[in-house]
Amino acid sequence: MDNAIEMHDVVKTFGPTRALDGLDLEVGVGEVHGYLGPNGAGKSVTIRTLLGLLRQDSGEVRLLGGDPWRDAVSLHRSIAYVPGDVSLWPNLSGGEIIDYFARLRGDLDIAKRDALVERFELDPRKKASTYSKGNRQKVALVTALSSDAELILLDEPTSGLDPLMSTIFEECVEEVAAEGRTVFMSSHILAEVEKLCDRVSIIRQGRIVQRGTLDDLRATTRTSITVSTERPIEGLDEREGVHAVRDDEARVRFEVDNDQLGPTMEFVASFGVVSLVSSPPTLEELFMREYGDEAHVEPVEEGGER
Amino acid sequence: MTATATADVAAGSGVRVQPAPLAAFWRQLRFIARRDRVRAPVWFAAVVGLVAASAVSVVALYTTDEDLQSYATLAQANVAFKAVTGPGYGLDDVTLGAVVMNEVALYTYVAVALMAVFMVVRHTRAEEETERAELVRAAPVGRYASLVATLVWVSGLVMVTSVGLTGAMLAVGLDAAGSLAFGAASAAIGVVFVGVAAVAAQVAVSARAAKSLGGAVLGASFVVRGVADIGNGWMIWLSPLGIAQAIRPFADERWWVLLPLAAMAFVTTGAAVVLLGRRDLGAGILRQQPGPSTGSPRLGTPFALAVRLQRGALIGWMVGLALTGYFIGLIADEAEALADNEAVAEMLARAGQGSITESLLATMTLMVALIGSGFTVSSVLRLRTEENALRADPILATPVDRRRWFASHYSVAVGGSLLLMLASGVMIGFGYLSATGRTDEFLPVMAAASAQWVAMVVLGAFTLALAGLGTRWALLGWVGLVAGFVVGFLGDTLDLPQWARNVSPFEHVPAMPAAPFDAAPLLILAGVAVAFTAVAMVAIRRRDLG
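So the sequences go chain by chain: A and B.
Counting along the first sequence from 1, when you hit position 241 you're at 244 in my numbering, and nothing is skipped either side.
Counting along the second sequence from 1, when you hit position 47 you're at 1424 in my numbering, and nothing is skipped either side.
These aren't lab readings, by the way, just hints derived from the structure by calculation.
Check before you lean on any hint, since a few could be wrong.
[Claimed, not checked] Sample of chain A residues at the chain B side, in silico, Cβ under 10 Å:
1) Asp102
2) Ala114
3) Lys115
4) Arg128
Note that CB positions come from ideal geometry on N, CA and C, so glycine has one too.
Full structure from sequences and hints, please.
Here it is, written out as structure tokens:
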């Protein structure tokens, strides 16, 4: 078993809506995998299908080598889950809820739990009805992170957390990853994904439109260059792979496809470089490009709808 | 205060602005009306329709003066009758109107009060719990606008329903003054419970607790007026239901009795408004107490959680039904004294063999079982609540089979129902013991209660099967309970054909202790319950969750 998660050509419809529309997804064992996409793209449906809460209409889903629908119970011994919308029993305390889930999984680790409760500064005595969204999120995170699950599924895990708690969450994920466990997390916080994830998949309208390591993704996209030269650069606009040229006398800014980076640099050098700043694309730029009007990167799938 | 400031601004600018505490009142009122555009007509139709149907059946049943006279004799002599219908105003010089009132008035008042409690909590604390109220209050909406709009809206609904009730009485041919008094009494009790519910919504720790508190006040006023009607007449003044009855429609109406109800409504409503100004949004006057910081090792299975979640409700139901049972036991023996009464003899003949006490006990056990089925159905429906609130997902993401999760709440429903029936059975026995010093009704009543439990399980399994098919079907479980009530208590008066009566599982349970034990129908009922359960367990494995 090389992959913790394998989904192939998965379709899931709700009436006329195609929530998953031929989804292909692979997550390797021991990987921290980021799952990006705008609201309504199908992130939660993917995760709920992986949990066997929803059954796909067609396609194949394998989770830790099993069928998440048929083998739900046995697979769930090795899984922890943080839902995107954490809903708790209002009249139970946070501590009771954390321990309840641990006992259902059968892996209550008191020391680990206490340490996490302290790190996340959660008051476990408060009734769930009095928790804020962030605190409900903490209850779910402590529940998942205190488990010894092989695979942790996180649906927008930091959506209610303050920056301080998000940092602690990142530390916790790094610790889990260091133990060789697999983490699959959907997120909107691109900086967090960039920091934590080995590989990312980007979903749009129920299909994966981009996947790979961040380096892979960067390779298929553009680098931003800001350069000052002795002589004005002429003919930059016409060169292959060069985009968005802005010339404001003192310096020139442009973007260049990474496969044209070498030739472009040689061309620019011929005008006598005084200073040069190059920045690799951030995930945010990748993301915006994928969803912006000007879709630059070719989709992974042949004939993907735009 | 802001109110004054805004008022000054308004006066200065010449623009008509509502005082700030009620800002956006009309908008809120329209919004509430929009949200209730289905629910309000359903309540109206259910209350007016059921009362009208009962009135029609009473009118059809008592056609001669002789009929009326024999009803009056029975009702006045029988303490059990008084306990569950009222003191029997107007039966001395009996009229058809008085008989109709004796049969339907008390339950009409209870229904209107329940409508008020549910509707008020729905638009106040329940809104706050979903955090929708926060969105509303973040807009330029006055602190009191939602509450006052709710009070106005639900009071209006109560009034409209009361007009419908008056119309129903006129339609069956009763006189205008009595019909009007009945409508007025319904309106008054409704408005009192609008106030009671509004206070409960300010005080209780949650919306659910607020509904329970409102229901508890209603239950207490029912019991207090029962005690008053049997003996201590002055105690009716402690019970809004008792006072409402004392308006005496069709029995020399006493209009001034509306005044104490109006005063109660005024005081409770005012109290709710004052309390609203003293509490935080989403929190009651009573504070949520902190809980344990760790979970008990016993809270480690879906069943344990289901018990924990339903414990409070089950205890509440148990106390209520146990009290009811004790009461039934106390009065059961009184029936014996009537054995030589002609009307009673006739009733006896209908009930089959057995003494009059036993017939009464059989009917009362059926009533307890039907009321207790409210727990059975609502308990199974917890599954729907859990699924809709997305609390089922994380449980089913652990190594818990869907069937095991389904079985958890279902077991509580089935086991809890048995506890309810046994508790009320024991208390009927104790009541009988305190009244007569005899212990010989303990076992027969316990057996009768256990037999009725089988029918409750069928109802629970039916609801479970619906929940298995999908959350949107689950609420139809209540239809099963309504069918049980209609067949059990209106079957004769509505003259339902036997095939229609057979729909109710309770119809098949031997009417013990008046009738002998019969295993066959109970085994068939058990088989039906097993079949429904099997359908549920197959269905829940096949569908998407949530």
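To see whether the hints hold, each was checked on the structure:
1. Asp102: holds, 3 Å
2. Ala114: violated, 12 Å
3. Lys115: violated, 13 Å
4. Arg128: holds, 4 Å
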